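The listed protein sequences derive, respectively, from chains A and B. Quick note on the numbering used here: the first sequence kicks off at 3 and runs consecutively. Quick note on the numbering used here: the second sequence kicks off at 372 and runs consecutively.
No lab work stands behind these hints, which were simulated from the structure alone. Quantities reported herein were computed from a predicted structural model and do not represent experimental measurements. Heads up, some of the hints might be wrong.
[Stated by the list, open to error] Taking lysine-lysine pairs in the DSBU-like style, the calculated list, with each CA pair at most 30 Å apart, reads:
1. B/Lys389 x B/Lys407
2. B/Lys456 x A/Lys148
3. A/Lys94 x B/Lys990
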Amino acid sequence: MIFTLHIWRQKSPQVEGNFSTYTINDIDGDTSFLEMLDQLNEQLIHQDEDCIVFDYDCREGICGACSLVINGYPHGEKTATTTCQLYMREYKNETELWIEPWRASSFPVLKDLTVDRSAFDRIIQSGGYVSVHTGSAPEANNILVKKNTADEAFSAAECIGCGACVAVCPNASATLFVAAKISHLDLLPQGKIETTERAHNMTQQMEVEGFGSCSNHRHCERVCPKGISLQNITRMNNILG
Amino acid sequence: MSILNAKEPIGPLEMRWKKHLFDLALVAPQNRNKHKIIVIGTGLAGASLCATLGEAGYRVSSFCFQDSPRRAHSIAAQGGINATKNYQNDGDSVWRLFYDTIKGGDFRARESNVYRLAELSANIIDQAVAQGVPFAREYSGYLVNRSFGGTQVSRTFYARGQTGQQLLLGAYGAMSRQVESGQVTHHSRTEMLEIITIDSKARGVVVRDLVSGELSTHLADCVVLCTGGYSNAYYLSTNAKGCNTSATWRAFKQGAYFANPGFTQIHPTCIPPTGENQSKLTLMSESLRNDGRIWAPKNKADCEKNPKDIKEEDRDYFLERMYPAFSNLVPRDVASRTVKYICDEGYGVGVKIHNQRLGVYLDFSNVIEKIGLEAVEEKYGNLFEMYERITDENPYETPMKIYPAPHYSMGGLWVDYNLMTTLDGLFAAGEANFSDHGANRLGASALMQGLADGYFILPQTIANYLARNTFDDIDENHDQVQAALSSVKNRIDQLMQAPDAQHSPEYFHQKLGKVLWESCGMSREKGKLEQAIVELNDLKREFWQKIKVTGIDKDLNQTLERAGRVADFIELGELMCKDALKREESCGAHAREEYLSSAGEAKRDDENFSFVSAWEYHKESAKLHEEHLHFEFIKPTVRNYK
């Protein structure tokens, strides 16, 4: 297959970026989206050009590093998928693809398609954990957890922290990310004790980082590669009162 | 010959760690803030260590090359974590986990270390549950267990197919709490490029800020490497693309011995490669072998057929046939070699690459019939989804295709019982050390080891080191600090300005991978290994002549990052081959063709090779030291899974 790629190139956070257009040939349907970019980068090295920078690591949809907006959709149009798990068989031959970084002022572009998501780390640091000391934990089966509750907590905990929810949100809100962590820990007896304080601290940090507020557009749920549910936002709002 | 002192305690096995803990010196709470510790890598071992050292009151500086500690490759572990809770009342015990691990490692690990690991396993589960790790539960609210490859008890705890992710998020949360408290200063997108050694002690590191390209030095009282394994030496592996050996390799060149580099594990259940431009292979959790049945066609003519059209009597359930006691649950090395054997004999299925079909079926039709689609979905839903996403085939209807892929490195930096390397003040934890898995690692034990090292072992042994040593004040103007910095600068310059720059890092990495996969993969042979060593020497020379890095070094430059890592992988690859060549026996994952029984099973040679090989760096050629293993409690037997 052949693709025309319009890729966002930006040298650094301070300078303006723009789209550069490339053509790539001989792409097999079983090639992943990132493998296609790998091949393009090999061409660029061959032509003595600086490679296109993009984040990736595990390439199996779990680390949350990859982050591309493809034709307007974070992680591409296919639902419940990270960019690294997107295969070129999803696209028709000779399609034009517009590839951009996450766009949000709280995620400044570092270079090309790579953004700084350390704001997410700082939100977790503000309270996204159970305050337990190593060594002081009781026997694991002493506190029982209903299976349905544990399953629900797991579903919230599946968030990979990629930031697609922010990238798609008209307000660049991180509410789904924050709500998922608050929900996960609120559902479990181990996390319940600190739940109110945690919710306040994390949402406050979200504001400090400059993320917008949630105004119920619900695009976040649709693009989340892990299918994190909006119910988590409802639960968070109930905790915040 | 051996100058290695493992510092193992003596006496009854079950008392060793307890006694050792009492013998270790302590640092009083009010003095801990005076000590600074550098931790490289923030996977399970690193994050759990940062959390624990931070809350104890030490000052910690941590570094990871990812953009967040939460993305370390521990996150990709799917299947589970072992612990000797014996919740299932099926005869499990600390002793049995110890025994299984020693036997699984084919009697090439240290008894004291492995026993301690088994002892600490139960505590890890308590810790993780308290952190809010959402392990699978029964309807009664109790924790669920399942069985896993190489064992006959159910001792594996899991969180659907994302156990590594959930455990890492627990450790990352605990670490984040210490970042908030100010005890841990963390640096993401920062790669360690050199160890700073002063008066024969590790006292700091040189790092590169991967965004700005700036180099800086960081000094401390000791340094801990939690930097994972080196399976990416094979180019195609199940490891994340960023996983590399650079930190451990720099340590090796600074005097830390590298142990058992040839012990690498090839995981049996991965999605087969589909073409030549593939960048990595994806693992399907070994837990699938609990319920899936592995088979290949009995007749070569059927290899091209749709599996649905192959009659039951024409299917060869070869693991069940060859290993009736453990059948589909034989250890990883046995399963991998058998699958390779079947494909080499021409019974493989799937796409033809280089004229061979590399794949066998992993079939769930029996279990779906037995327990129902919903129950199977509950257990394996997300793994099936992942498989379908990659292959475009639905495993509920069509059997999966699997083939082995490099997955884990049992080898790593040599450490003593305190997890300290041969370089004073340099510790290694998790997959970065060689400590617990011998010649083969059992499933669900990597997460256990990483967390045991980070939460429970190192915080105690590091305190002992800090209490028993004095630390002169040093600053960045120290000669050794400046020397380390300029050696890193020189190396970057060489990468940026090769005399005859022609080829990308990927070009060299693929070449390296091919040599290692052919000669130092699932089976090894003297002639091929000798040839590989020559080829890798040539490749190394060619690399430094022809490596091409575009862009500039004072910038975010992923090509430069890759080039540096590939350079280290090439050197490590040579040591892997040397180690495999030197070990003239088969044991665990190390299968030398000359030392296999006619049935293809490993023939171990305890008389001559019951040792850990520990390689010391020398400019011309690495020198081998042997740490002889003493089995006081378990008599080495032939590992028989029939």
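Here is how each hint holds up against the structure:
1. In summary, the hint linking B/Lys389 to B/Lys407 is supported, as the alpha carbons are separated by about 27 Å, within the 30 Å threshold.
2. Of the supplied pair hints, the one linking B/Lys456 and A/Lys148 holds, its CA atoms being roughly 20 Å apart against a limit of 30 Å.
3. In summary, the hint linking A/Lys94 to B/Lys990 is not supported, as the alpha carbons are separated by about 54 Å, beyond the 30 Å threshold.
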